[in-house]
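Residue numbers (my numbering), protein chains in the order written: chain A, 41 to 364; chain B, 41 to 364; chain C, 41 to 364; chain D, 41 to 364; chain E, 41 to 364; chain F, 41 to 364.
Think of the hints as simulated: they come from the structure by calculation, not from any bench.
In this text the structure is predicted, and so the values were computed from the model without any measurement.
Any given hint could turn out to be false.
Same chains, same label: a pair holds when it works inside one copy or across any pair of copies.
Pairs of lysine to aspartate or glutamate residues, derived as DMTMM-like cross-links and limited to a Cα-Cα distance of at most 25 angstroms, are as follows [to be verified]:
#1 Lys155 / Glu96
#2 Lys327 / Asp337
#3 Lys192 / Asp347
#4 Lys192 / Asp337
#5 Lys327 / Asp140
6 protein chains.
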Amino acid sequence: MKSPFVAELQADQTISTFFLVSEKEIRSTRDARPYLRLELADRTGTIEARMWEGFERDAQAVERDAFVKVQARVENYRGKLQLSIDRLRIAKPDEVEAADYQAQPQIDVAALYAKLLEFVAGVANPSLRQLLEAVVQDPQIAPKLKRAPAAKLMHHAYLGGLLDHVVSLCELSRLVAPHYPEVDGDLLLTGVILHDVGKTEELRYDSALGYTSEGQLLGHILIAYEILVKKMDAIPGFPPKLKSLVLHLLASHHGQYEFGSPKLPMFREALLLHYLDDMDSKMGAAKAALASEHGVDEWTEWNSALDRRLLRVEQYLKSEPEKK
Amino acid sequence: MKSPFVAELQADQTISTFFLVSEKEIRSTRDARPYLRLELADRTGTIEARMWEGFERDAQAVERDAFVKVQARVENYRGKLQLSIDRLRIAKPDEVEAADYQAQPQIDVAALYAKLLEFVAGVANPSLRQLLEAVVQDPQIAPKLKRAPAAKLMHHAYLGGLLDHVVSLCELSRLVAPHYPEVDGDLLLTGVILHDVGKTEELRYDSALGYTSEGQLLGHILIAYEILVKKMDAIPGFPPKLKSLVLHLLASHHGQYEFGSPKLPMFREALLLHYLDDMDSKMGAAKAALASEHGVDEWTEWNSALDRRLLRVEQYLKSEPEKK
Amino acid sequence: MKSPFVAELQADQTISTFFLVSEKEIRSTRDARPYLRLELADRTGTIEARMWEGFERDAQAVERDAFVKVQARVENYRGKLQLSIDRLRIAKPDEVEAADYQAQPQIDVAALYAKLLEFVAGVANPSLRQLLEAVVQDPQIAPKLKRAPAAKLMHHAYLGGLLDHVVSLCELSRLVAPHYPEVDGDLLLTGVILHDVGKTEELRYDSALGYTSEGQLLGHILIAYEILVKKMDAIPGFPPKLKSLVLHLLASHHGQYEFGSPKLPMFREALLLHYLDDMDSKMGAAKAALASEHGVDEWTEWNSALDRRLLRVEQYLKSEPEKK
Amino acid sequence: MKSPFVAELQADQTISTFFLVSEKEIRSTRDARPYLRLELADRTGTIEARMWEGFERDAQAVERDAFVKVQARVENYRGKLQLSIDRLRIAKPDEVEAADYQAQPQIDVAALYAKLLEFVAGVANPSLRQLLEAVVQDPQIAPKLKRAPAAKLMHHAYLGGLLDHVVSLCELSRLVAPHYPEVDGDLLLTGVILHDVGKTEELRYDSALGYTSEGQLLGHILIAYEILVKKMDAIPGFPPKLKSLVLHLLASHHGQYEFGSPKLPMFREALLLHYLDDMDSKMGAAKAALASEHGVDEWTEWNSALDRRLLRVEQYLKSEPEKK
Amino acid sequence: MKSPFVAELQADQTISTFFLVSEKEIRSTRDARPYLRLELADRTGTIEARMWEGFERDAQAVERDAFVKVQARVENYRGKLQLSIDRLRIAKPDEVEAADYQAQPQIDVAALYAKLLEFVAGVANPSLRQLLEAVVQDPQIAPKLKRAPAAKLMHHAYLGGLLDHVVSLCELSRLVAPHYPEVDGDLLLTGVILHDVGKTEELRYDSALGYTSEGQLLGHILIAYEILVKKMDAIPGFPPKLKSLVLHLLASHHGQYEFGSPKLPMFREALLLHYLDDMDSKMGAAKAALASEHGVDEWTEWNSALDRRLLRVEQYLKSEPEKK
Amino acid sequence: MKSPFVAELQADQTISTFFLVSEKEIRSTRDARPYLRLELADRTGTIEARMWEGFERDAQAVERDAFVKVQARVENYRGKLQLSIDRLRIAKPDEVEAADYQAQPQIDVAALYAKLLEFVAGVANPSLRQLLEAVVQDPQIAPKLKRAPAAKLMHHAYLGGLLDHVVSLCELSRLVAPHYPEVDGDLLLTGVILHDVGKTEELRYDSALGYTSEGQLLGHILIAYEILVKKMDAIPGFPPKLKSLVLHLLASHHGQYEFGSPKLPMFREALLLHYLDDMDSKMGAAKAALASEHGVDEWTEWNSALDRRLLRVEQYLKSEPEKK
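So that you can see chain A by itself, here it is in the shape it has in the complex:
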């Protein structure tokens, strides 16, 4: 087992250990001297590292997703630790154990996935149920569905966050759909379960969270579009017009052009999917903001997902009246 882990580092320590490279960049200082910046990861976290000298030769073979051995000093810069690397080389296969480098979800994804399967099993429309089973039980997709976050920064930005968000939406849909009797609950649930499945490919979450190049080029709506088209075409007798409805649910779920939806929601289930998704995402963002201890007095720090501060209601109700 490697030692020390990122979470164990102390300022002013000198270390010699292994990491996974999660980002690599050559930068130059303003007086035009190049240096190497890396983001290094293990299962306990990530840390920034810089190498100022002699990296040209060593850094050649170093790419994202490579394992490296690093000799470095831990420095505290403005309350944040970073590494100043002295020596760097590619690790040999027998020097690393993969398990040391992959963080594990902190929530019970197995339980969430079981709930998801229950929701799928409850869909009455056979075409839609077949489609849902084909996606969530796909051996390529299922493991990613159990691990992917829902975003890098905005909401549910943690391992398993995607599944957490989707199951939350399933539960909401089961509550809200009966309130609008004209709404087709099966169609809504199909939208809920499938609308973000493209995030399994849009994001990187093997080590640090980020976006894949395909994710940046196409986005999760289009990535899911291909997946769903193929799954529906593979189901004998899937009604072509139902296919158009499912694809519209996917395409319109961001609700507005400026948020990357190429179409606006145009029927009841698409409207409802958008509103529930937006509501649950923002409630998730609010939960994360309020869970952090940062902030001023009874307010959280500025939250960029919501573009505002939030009030801690309980703390506010208990506080003294303010002086002007």
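On the provided structure of chain A, position chains B, C, D, E and F as indicated by the hints.
Same frame as chain A, now just chains B, C, D, E and F:
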């Protein structure tokens, strides 16, 4: 009883009967000749009327909310009936029966109001429950709450529509609040029940639907602000910080500055109130659009509340494949 | 052969002839009486029709794309002819000849298509050339490509307009690509030829121009997405990363989110495709605006595609100086 | 003297008289038959006219600013008079007296111009005073300054309106400048007097109000730019940096890019010019809206310059309380 | 008397003295170690302070508005002094004199307040004058009115700034109102004096400038709404429609929805109030920007209230011509 | 020859040498102590400098464009060199050689200028050719045209960049104009060559790149407006309407109000000029972004001209598939 009623009028008929004036306007033609335009109402509907000659003397005393006797010809202009008035005078008090001029809600407002009282009774926080009782049982407010529409055009635009929308939101809140355990259900329900109470004064709905001058000058958020401030101040020991939270729920429920909210929602219950209100309003607008028979093929006509057409899903699924 | 054709109708004429239904709608007048509105077409044009009485029985079987026999009066309303229908029935198969009802492109689509094939043949990259051939020579797609317009209203809004626009862009690309030596001409040409292929399904152009329901639900970018995914997957050894680039070209060609592109152009060829497409579309819109005789003095009438009037330069240069 | 004048026309009258052509357009009906639309003017007003038949030959020589003899019927279409022309020809020079065709300002432009000269005379900075004199006393510019409106539709849209607005702003400046002691009153007044001088060329106001082609191509800011550059260059020793300041005042006075200012106000006098100009324009628009008798109850009709209705305060204060 | 004061601190000094806490925050470094950040104040200024170790016990009782004794080192970080705290405790009541901790306005607020009373006394309308007296002489409000700033950052951001801005606007109103004879000067002045009175509660200005929690939740428009409603209701016979006008003046004074006004100005006095307020605020912001010595060459530094740099006109006129 | 040059500086060196001042600013630290910030330049680059003590006396005579002698220490702050000045004085004329302080374009501007003359010579319309010759061969303008950049930051931001961009556009125009046969190639080329000529005065490029005060006050469109007006007026018989067209080309070339164009393009050549200019600017920005080595994996760093990252296509096509 008056005869004929608006709903009974036929093109090319000549009539002599009574109406309530719901709008009065002097217009001039482009060659600068003035004429009188009225909107006339009874309990079955409204009709436009024009008087081209001799109205200067007769129209003097005619104002909005006056009862008038009219001698006129019914004309069909592009498929729409309107009156061309020959003679006009103020009706005498004993010539009219008020009941003939006031439309009645087409939904069961008594049942809805009873449901509302139940929701109020279920609030555990005594300050909030006292506030809710003080508002919804106020003898000035209660009758208006049973009659007011939720809007002139956008959603729930019918007598009783406000109550319909509020009770719908109460039910939604009871379903959704437990899904977010950190949410204070009492606070949310308080926001739900009170957020639109200003519409009882913002809108006119005694005869035709419209806006009052106070409604145009201040809007329903500010009108309710005064009502709620006074009700809370009248409750002994109402916590001042709780008062600020209730007022914030009211002030922020439109969710964005450009929709007339002077503040953005800044705590969980305010966020949730905004999302649920927005969702239920749009679902109401969609329901009305789909209920109308107007439209082209399987699409509704252009809907200005949603700024799009909506698809009639069932009709679409049954339709033939299209030719290109 | 049917008689008279739409183009031959005269005001005040009474006719008894056949048409293709290109739009059907039930409307109601404001006094709540329903009537039937049709758009009727033959190969010479379209005309609005209304049926005020007795249509309930007759109109049952009448749907878009049906052939009907109509007995009607031609009326001139504000300088525009329309039909007032007295009797209406579905035509029998042997009463109509399809050729009478389908307008023909007014430009030489065969020549344009030949040019297109030449451009395809000039592509050096074998994967891209195979893709292009697979699309433009697909027996389902080719005939539509020769007939579809590029839009209903905005630019190149005529039969064959899509092909006209695409070939114009091919020529532009051949001129402009060498000006930017780093640009991969094959990749650019691939984007040019394929970016609008979804319009063959987004639009209806069998009789009158319009949008299909699938077109409204998904739009031409997503429709083409499915086509291209399948064509590329069907080519053995098509490089997966090249596939992502082609799909990005398609997805980003509108250049901005608010114009329905779910992604912004992120590499040189995608930028160039967007700029050339935008330029050629607007030049096409300008050409159409200037070709019309409508307008005031030396200015065209207001053009909604460009949101402005255009100056007729030659007429302006020859005009007299104006008085203030 | 001609007879009848536009202001004297009556519906159903047949007339044979002379007009000035203030707009000419060939339009086609939707069934593709061309017709002639004219706007005809004399000193009492303008009227729309249409000629449906036989105009091809007669209309050849008819252009904007031509005098024509017209034989026509006066028709009332929806409360608006228009002419249906039977015969049309160019008038002979001795058939018309110019004075019959040019409306006269309804305000005392001589008195306003005298006030303007006083303001100019009060400027202490010799360079700026020379510039102002050179512009307002220019024999080409002065007569136009006494006649031009400030806009076609938005504010001060009447003959002499430009001068009215400028003198109003001079008075405001004299009041407000001393309130901000750091403000250079001479520089501000220079901006006030010169900022809209380009409107003398941007607008047409010889007969009906409209825009010149140069006005549409360049706008009044750029038109004035040329005038001011030349006037300043013609003054010996005009300081070059002062010239830049004067040009900036002109260029930035609309205050924002989207209102056509290529620069934002960047010093005190430029800020103040923008705010005063905006305020006076909107107060002018409000005055015009409230002066019209149109509207509903105590509200004006929708005002497009202000994008809202305005309340008639006095009428509102006297009105009865409204029923809901 | 305490020593040293904030204004006397020197880098590298070690101090042991008292401060008022104006902001308290627990932050964590990125390696998850918590630390304490305080903003400390006395009457001469504020200074940032950090405590890295041992604060958990000491900081418990430390809240905003507490007096503390601090043992610390003064450090210079990038040209800015801050404290690194070694020891911290709550001060005993007899250790501090309140006068040492409250900054005093640098302008003559007594004279400004006297001017304000004069303006109030000049109002002819008895209802409005009673309202104004009731507000500005309210013993709760008057002292705050003499101390509050007009903003934290944007304009008039200094003690007494609110009164300075209001009196400036009163003077402007007295100058400008007569220029528009239809304007009711009393109504305008009422708007001017009352429109920002909510800022006395929206802002904190006892020690450092900031926003109260109520200010963030409701904003100064709504805070003033409650004050004015109550004051008007307390005046016997205050006309209800006049009350609506006063409340509209308040509600609409920001002029646009996106600046937090829930209503647009809808009558002359409301329009004028908005334009004068906007103008005076921006002139105030310009004055502050030009008074600072910061900037590049003859330009101020970037000003966030105006979103631009401003030119120093005098310095520009005297500067040499530039080289390109 | 001076020594060392900016490009030769090393951290921790002590130097005593000469520089050109390209920016001067007095700043104060937050504890209110003033210091001097300079940007110093020679022909090899620029460097930031700070003087903390004793500058009040020495800095008096130091202004932008002055030559100074500096005694200083070179410091490395976060990978960027800057000077900490100990002593400072104005250089004597015989101490400096101008050639040491002026950077030289890195592209062959003589060749580009020769190409430009060829394009001018190819214009058939004699008025336009005369205009072009008068501008590009003007002895005041020509040397600046050979040196000016096209922007400070956005695109072609290097010495000679303006000429590079203009010649690139000339070549594009020669390719594209024949594709639209209705386009007047001479008019288009005139717009291309003249549209940015105001940048020769808007920007400073004698030492470091920046904006002149005139450039900030008026912008390059208005600066060129004056130049072109005068050049056209100086050509006998230049048609006035052609002058309006040329000025419109200039005024509208940014294409939208929010980018500082006071008019939208209103004829074909103006539309085309805008689209080509926009395309070439963005392709230039993309080229610069891709030429830099900065970035993450196969993406460039964030590019502010394009507001996105760009993909390095070749590197992407060669990269390994990513892990999620």
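(message) At most 25 angstroms between alpha carbons: which applies to Lys192 and Asp347, within, between, both or neither?
(response) Both, since 16 angstroms and 19 angstroms are each at most 25 angstroms.
(message) Treating 25 angstroms as the Cα threshold, decide for Lys327 and Asp337: within, between, both or neither.
(response) The answer is within: 18 angstroms in one copy meets 25 angstroms, while 33 angstroms across copies does not.
(message) At most 25 angstroms between CA atoms: does that hold for Lys155 and Glu96 within a copy, between copies, both, or neither?
(response) Neither way: Lys155 and Glu96 sit 51 angstroms apart in one copy and 42 angstroms across, limit 25 angstroms.
(request) Measure nothing new, just compare the shortest in-copy and cross-copy C-alpha distances for Lys327 and Asp140 to 25 angstroms and report within, between, both or neither. (result) This pair counts as neither: shortest intra-copy Cα distance 30 angstroms, inter-copy 41 angstroms.
(request) Check Lys192 against Asp337 for me: Cα-Cα at most 25 angstroms, and say if that holds within a copy, between copies, both or neither. (result) between (28 angstroms within a copy, 17 angstroms between copies)
Going through the hint list in order, the structure does not satisfy hints 1 and 5.
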